[in-house]
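There are 4 protein chains.
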Amino acid sequence: MTLPAPLTGVVPPVCTPLTPDREVDVPSLLRLVDHLVAGGVHGLFVLGTTSEAAFLTDAQRRLVVETVTGRVEGRLPVLAGVIDMTTARVLDHVRAVTAAGADAVVVTAPFYTSTHPREIARHYRLVAAGSPVPVIAYDLPSGVHTKLPADVVLDLAAEGVLAGLKDSSGDLAGFRTVVSGARAHPGISGFSVLTGSELIIDAALAVGADGAVPGLANVDPEGYVRLDRLCRAGDLDAARAEQERLCALFGMVSVGDPARMGASSSALGAFKAALHLRGVIDCPVTAEPQVPLSAAEVERVAAFLAAAGLL
Amino acid sequence: MTLPAPLTGVVPPVCTPLTPDREVDVPSLLRLVDHLVAGGVHGLFVLGTTSEAAFLTDAQRRLVVETVTGRVEGRLPVLAGVIDMTTARVLDHVRAVTAAGADAVVVTAPFYTSTHPREIARHYRLVAAGSPVPVIAYDLPSGVHTKLPADVVLDLAAEGVLAGLKDSSGDLAGFRTVVSGARAHPGISGFSVLTGSELIIDAALAVGADGAVPGLANVDPEGYVRLDRLCRAGDLDAARAEQERLCALFGMVSVGDPARMGASSSALGAFKAALHLRGVIDCPVTAEPQVPLSAAEVERVAAFLAAAGLL
Amino acid sequence: MTLPAPLTGVVPPVCTPLTPDREVDVPSLLRLVDHLVAGGVHGLFVLGTTSEAAFLTDAQRRLVVETVTGRVEGRLPVLAGVIDMTTARVLDHVRAVTAAGADAVVVTAPFYTSTHPREIARHYRLVAAGSPVPVIAYDLPSGVHTKLPADVVLDLAAEGVLAGLKDSSGDLAGFRTVVSGARAHPGISGFSVLTGSELIIDAALAVGADGAVPGLANVDPEGYVRLDRLCRAGDLDAARAEQERLCALFGMVSVGDPARMGASSSALGAFKAALHLRGVIDCPVTAEPQVPLSAAEVERVAAFLAAAGLL
Amino acid sequence: MTLPAPLTGVVPPVCTPLTPDREVDVPSLLRLVDHLVAGGVHGLFVLGTTSEAAFLTDAQRRLVVETVTGRVEGRLPVLAGVIDMTTARVLDHVRAVTAAGADAVVVTAPFYTSTHPREIARHYRLVAAGSPVPVIAYDLPSGVHTKLPADVVLDLAAEGVLAGLKDSSGDLAGFRTVVSGARAHPGISGFSVLTGSELIIDAALAVGADGAVPGLANVDPEGYVRLDRLCRAGDLDAARAEQERLCALFGMVSVGDPARMGASSSALGAFKAALHLRGVIDCPVTAEPQVPLSAAEVERVAAFLAAAGLL
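Residue numbers (my numbering), protein chains in the order written: chain A, 1 to 311; chain B, 312 to 622; chain C, 623 to 933; chain D, 934 to 1244.
Derived by calculation from the structure, the hints in this document are not laboratory data. Heads up, the beta-carbon is just placed ideally off N, CA and C, and yes, glycines get one too. Take the hints with a grain of salt, since some may be wrong.
To be verified - Simulated restraints, written as ranges between beta carbons of each label pair:
no., chain 1, residue 1, chain 2, residue 2, range
1, A, ALA184, C, GLU921, 21 to 27 Å
2, A, LYS147, C, PRO771, 19 to 25 Å
3, A, LEU30, B, ARG429, 53 to 59 Å
4, C, GLU645, A, HIS185, 41 to 47 Å
5, D, GLY1007, B, ALA552, 38 to 44 Å
6, D, GLY1141, B, GLY519, 43 to 49 Å
Using the sequences and the hints, build the whole thing.
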C-alpha cells in the first residue's frame, strides 16, 4: 500500500518472537501481528530497535518482513527498518525488505564510522535514490552516537528525500523544531513526524507530532490507541491519566539487575516476558548475546502487568 | 595456514581499492597485496576499519577475502574482520570469511545496542564456539562506544576463547595491563597482543606488544617493517627516528577540511590518495557516503609523500 | 521571604550585566530586575548558568545577590545558584548567598571529579544540613556530566533534603518520572518541580511541572508570563501559539559562528545583545574567555527581536 | 625559585592529608613533604586532582600552599593547581597561590561551561597575562570534558603563554605530537612536557617527556625516582621491571567497590590509606562527599603495599 502522508496514529515497533534456539518464531509473530491489529494500531514498524533488528541475520530479517506483510495484506502500512552501518549495506537491506513487501524504509545515520552532517545528508540522498518506497529518518543517538540535526532533516524533507522522521532521541525541544519547521516550510507537505518517546506521547502530540512508535504498545496496544484517540479528541485530562498508567507499566523495563545485564536487554526481555505472560508469544527468549531475565525478574514483570489490569 | 601463536611483526589493515562506481577493484587489490608482501609485512588484516569494512556489502567482503587469500597462498597469515552488530550476524560473517580462507577472525564488542561486560564476554564465547579459526578481540571504542575491560580480555584468554587482542583504543596503560596480565597468567600462552596505535609502535613494543596493525603501513610498509626490526634489535634511537618519520607522514590524515567531512573520511581518503599517487591502486575513491578529498587536499597528501621521500 | 512550597510560575535565571572591563554593572542589573518584575515573573534565580555564575568571582557573586535581594525586598523569592565542584566549596557559597539574602540555594551534582550516585546523594545531604534555606537540585548534565537519577531525587525529597528540582536536562520523560513520583509519594509534599527547557514549557506544565526557569525570559518576560497564564487557564491553542512565538525568538541563540565560538557563548551573547538592544542593560559584553558576537551577529539578534515585535 | 626550563624528573601531585573533621592536617602534610623530598623527587605539585583540590575551600588551598612552600624553602620548585571553571576565578586563585609562594601555576581548560578551542586559547592568554609565574597547561579530559588540541598547546608555547604541559589525558600519541612539535619549533625552547600517566612513564620518557607527575609517587617516591634514573641511564630492562612493579602497586586504586563509590574516591582513598599504613599521615580520610573505603578494602591496600615490600 502507499504510505499515508502524513502517517498518523500508533505504529508499534513489532517485537520479533524467537524460538528457544533463536530462530524466528513465525506462529508467535503472526499472533503478535493479530494482537496489534486487533488492538487498533495504525501501522506496523518491523525490524526496528525494539524488534531486535540489530540481532537478526539477513535471512531472519527477510522472514520477518515476509511474515508480517503476508499477514497484514495491505490493511495497514508496514514500515521496515534497514539498520546497518553505511550506504551500500543499507541499500542491500532496502532491496530485501521492499522485495518482501515493506511500504517504507526507516534509516538511521551511519554508525560505527564517524560521520559529518554532510555525509549524513549524502547517505540519505543515496538511500532515497535507490529506494522504491519512501524513506523515514530514524534519529537514535543512543544507538548511532550522532543526533540528526533539525536543519539537515528539514532540508532533506524539502528536497523530497525524506518522507518522515522517527525521533527516538528523547529531545522534545529538537522534535518541536522539526515539527514547526516542517509546517512552516512551503516546500514540505505530508511529512510524518513520529515520536519514539513512549512516556510523553501526549506531550509530543500536543506539540504537533503526527504519531507515535511506542515499544510498550506491543504489550498494551489498546492503551496506546486509547491515548492517541483521547489526545486527538482534546480530552487532555483523560489522556494524561492514560499516559501515566502506561508510564507506570513501562516501569517493567528496569526489572533486570544492572550488575548482570544491560538496560536494553532488560527492556527487551521485559517486553517479551510480558507478551509471553499475556499468552501472545510462545517463548520469551531474546537474541544473543543478551543476558535473559531471571525467574524473579519475570515475576516482577508479571506484577507490573497485574497492576495495569493486563493479566 | 595456522595462525602463529603469538602473531608478531607488522600486520597492516589492508585498504580496499574501489572502482569509480564503488565496486572492489580486484587488480588494484592484488597490486596492493604484492606491495605489502614485497614490503616485508608479517601478516595481512583484511576487512578492518581501515579496509572500510563498515562500508562494504557482504558480497564485496567475500570478494576481498577470496582475492587476498588467493594471492597470498599461505605465505602469510590473513586475518579477517567480521564487523557487525551482534552475535548471530557476526557468525554469518565468520562462516563467509573462513570459507574464503581467512586464518583468523577479528571481532569487536557488540555495537548499536548498549551492552554489559557480561554480554560482551558472552558474545566472544559464542563467536569462538562457532568459529573454525582463532578469534582476536578488536578493541575500538571510537567505533563501538565501549572499551574492552582488561580483566574481561584476560579471562577470555585464559578460557581459550580469545587468541589475541588488537587494541585500537589509544590507551597504552590499559594495553600494558593486558600485556603484563597475559604474561603473568599461568593459563595463558601464545596470546597475541597487537597495537593499532601507529604513532607509538616503538612504545608499544617496548612495553611488550607482539606486533602492530598500522593503517599507514599501506602507504609505507617498508618503514613499519624497518621500525619493527629496529625495535626488536634494541636500536632504540634509530627506532625512535623511524617512528618519528612515520608520525610526520601520518600528518596526511588531517588534510580534509573538517567543515566539510569527517575525520575518518579524511584519513581513509588520504591513505587511498597516497596509494594512488604511489601508483599502487588505480583509483583513490572511498566508499559512500564519505565525502572525497578535493584536488587541493590531494596535493597536500602528495607533499607529505614527497617530504618522506615516497614520491 | 519563605520559599513558596511549591514554587510556581516563571522564575528567570537572571543575566548578569557587566561593564566593558567585566565588572558587575549594578545599575544595569537593577534595571534588569525592574524589567523582570514589571514583566510579572514569579521569582528570580540569580547565579545560574545563564547568569554566567561559572564566570563570576566570589566577590562578584556576592555583589549580584546583594544587589538583587536589595532591590526585590521580599516581593519575590530570590533563588541563588551555588555552583561549585564539591561539598565544602558549595557550602562556602551557601554561607555567602544566604548572608546576602537568598531565599533558596540551587545546587548541582559534584563536577570535575567523577562521582557515584551515592556520593551525589551524600553531597545533597551535607549541603542541606549546612544550609539555612531550602535546597533545590539543579540537573544540568551538559555542565556536570552526570544526570541526576529520578530515584535519587525522589529519595532526597522524601527525606526532606531537597525542596525542589530545576531540570535542565532536556529529558521530559525523566522529568515526568519525578513529577509523578513526587505526587504519588506519601512522604513528599510541596516539592517544586521546575523545567529549564524554555522551548517546551507548555508541555512541561501539561505533564505537571510547577514552574519554569527560562533564560529567554530575560529578553521577553511578558511572553513567558503570558504562556504560563494561558497554560494554567487551559487555553492550550493560545498557549501553543505563544510558546511557538518564543521558540522562534529563541533562534537568536544560534547567531554565533560555530567556527569561532562555543554554543554557550553564542547563546549568552545573544541574550545580552538583546537586552542591550531593548535598552535594559548598558553593555552587552560577556565574561572571559567567551568570544563576543560580531556586529553582523548582533544584527541578526536585532532581526529576531524585530520579528517578535520586541524592538 | 625560578621554574627550571624545562622542568625534569619526578614531580608528585601532593596528597592533602585531612583531619577527621576534614580540615587540612598540617603536621601530616609537613611529614608528607619530608617523605617526598627524602625520596628524591624533583618538584612538588600541590592542589592538583590527586591533591583533592576540587574538594578544598579557598582557605584550605591557601593553607596547603603556604605549608608546603614554607617547608620546601626553595629547595625544589613548587607548582600549584588553580583549578576553577573560568578565567576570572582562575586568576583569583593565581593571586592566592603566588602570594603563598608557588613557583608556577597549573591551569586546566575551562569547564562546566562548553568551550571552543579559540576560547580555550583566550583563557590561557588571559591567565598568563595576569600571572607573575609561569603557566603550565593541564590536559585532563576526564575532569574538564575537553581535550587540549596539540596545535593549540604548541601555538601557545610559541607565543610564550605556556611554559609547559601536564598531560593526564592518557593519549600517548597526542603527547608525542606535542613533544615532537615543541622540539621542532624554532620559537619554542625550555618547554616542559610532563606526563601524568603513571603506568607508562618509561614509555613517555622514551618518546621525549621531560618528566612525570605520578599520583602513586606519594606512596612510593623512591620507586618513581629510581624509574626516572634508570630511564635516563638507558637501562631499559631495569626501567621496565621497575615500572611494572609500580603498575602492580597501582592496582590498589581499584580496591573500592564500584557499586558503592566512584573510581576517583577509590583511588584517592587508596593512596591515603597507603600513606596512613606507611605511617606518613595521621588519618586516611578523604574529603566530602567521597565515600570512604571499608576496613576490608583498606586491608586490600595493605596487601598491595606488602607485596611491593612497602610495609
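Structure-based check of each hint:
1. A:ALA184 - C:GLU921: 21 to 27 Å: Holds - the Cβ-Cβ distance for ALA184 of chain A and GLU921 of chain C, about 22 Å, lies within 21 to 27 Å.
2. A:LYS147 - C:PRO771: 19 to 25 Å: The hinted range 19 to 25 Å holds for LYS147 of chain A and PRO771 of chain C, with Cβ atoms some 22 Å apart.
3. A:LEU30 - B:ARG429: 53 to 59 Å: violated, 33 Å
4. C:GLU645 - A:HIS185: 41 to 47 Å: holds, 45 Å
5. D:GLY1007 - B:ALA552: 38 to 44 Å: The hinted range 38 to 44 Å holds for GLY1007 of chain D and ALA552 of chain B, with Cβ atoms some 39 Å apart.
6. D:GLY1141 - B:GLY519: 43 to 49 Å: violated, 21 Å
Of the numbered hints given earlier, the model fails hints 3 and 6; all others are met.
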